[in-house]
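Peer 1: Sequence:
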Amino acid sequence: MQELDAAAAGTILIGADLDDALEVSRLGFGAMRLTGPGIWDYPDDVESALGLLRRLPDLGVTFIDTADSYGPDVSEELIAEALHPYDDLVIATKGGLVRTGPDEWIPLGRPEYLIQQALKSCRTLGVDTLDLWQLHRIDPRVPRDEQFDAIRRLYDDEVMTHVGLSEVSVEDIEAAQEYFPVATVQNRFNLVDRTSEEVLRYCEREGIVFIPWYPLAAGDLAKPGSLLDDIARRHEATPGQIALAWLLAASPMTLPIPGTSSLKHLEENVAAAAIMLDEEEIAALDKAGREQFERARR
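Position one of the sequence shown corresponds to residue 1 (UniProt numbering), numbered consecutively onward.
Hints listed in this document are in silico derivations from the structure and should not be mistaken for laboratory results. All C-beta atoms in this analysis are idealised placements derived from N, C-alpha and C, irrespective of residue type, glycine included. Misleading hints may appear alongside valid ones.
[Unchecked claim] No more than 20 Å apart at the CA atoms, straight line, and that leaves these computed lysine to any residue pairs for SDA-like:
(1) K264 / D45
(2) K223 / A288
(3) K264 / P252
(4) K223 / E204
[Stated by the list, open to error] The following label-pair restraints were derived from C-beta to C-beta distances:
(5) P37 / D17: 22 to 30 Å
(6) D19 / R290: 36 to 44 Å
(7) S48 / E146: 40 to 48 Å
Go ahead and model the full structure; you've got the sequences and the hints to work with.
Peer 2: See the structure below:
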């Protein structure tokens, strides 16, 4: 049986053009699902969540994505309990959403709030400087430049080593670059959701790491007898594993972060790092996914 190792997907540099670039596994882990239902409160089985987190280094996963709003605070607290002082791990967190209950997410970009939350994440994670802090959403009710200026102050004060953005356009990224170097962009992107294709290509040109969230979605392509299903059978894999392998092959700048609360599912995701799709399979999946995306938009 082949050893499970995220390193099979290679590594990627966050902030490649900066002196303090961070090298991480190209297959990361999204820690949102380690909370209770509705991404609210603690999970029913805290020990299982801690055990899953402690398994990540053994699997070669060196990039963990979280946010202060997951729980809220719960995901960061569990990561700190399980993995601090982190050693060779990179912990990325986010701020800019406030929680008022299960499945409720409200953008809040007032400068004092963003500053407070970044400093609080330092305390919760037990670090003086965050490896990577990302603006979870740009708050449409607060001038964008005010939000970027607050982040610039945090960056200048070395509260975070690198800064990223989430769910943004190319124009948003270019505006943010006037205030700080944008090291990562985290937008929704997968086989059947190509809304952020332009953003991905921009990130490729600019050397910005692109973190696709909701990476396993495949829509009708996951149905039995579909192209995705056929390719999965050919590789003795699951459709989800092939969807991850396609994301890794779609661009050298992608850093997928599949999340789960199941150890079995985690190991299944990591196994996808070793799946090598050929050019024909990549092109066929790209075409099928793009066609489904276009049909859904009509």
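Peer 1: Next step is simple, just say for each hint if it's right about the structure.
Peer 2: To see whether the hints hold, each was checked on the structure:
For the hint pairing K264 with D45, the CA-to-CA distance comes to about 15 Å; that is within 20 Å, so the pair holds. Taking the CA atoms of K223 and A288, the gap is about 13 Å. The hint holds against a cut of 20 Å. Of the supplied pair hints, the one linking K264 and P252 is violated, its CA atoms being roughly 27 Å apart against a limit of 20 Å. Distance hint between K223 and E204 is unfulfilled; the C-alpha atoms sit about 31 Å from each other, more than 20 Å.
Range check, P37 to D17: Cβ separation about 41 Å, and the 22 to 30 Å hint is violated. Hint check: D19 to R290, Cβ distance near 39 Å, so the stated range 36 to 44 Å holds. At roughly 41 Å, the beta carbons of S48 and E146 sit within the given window of 40 to 48 Å.
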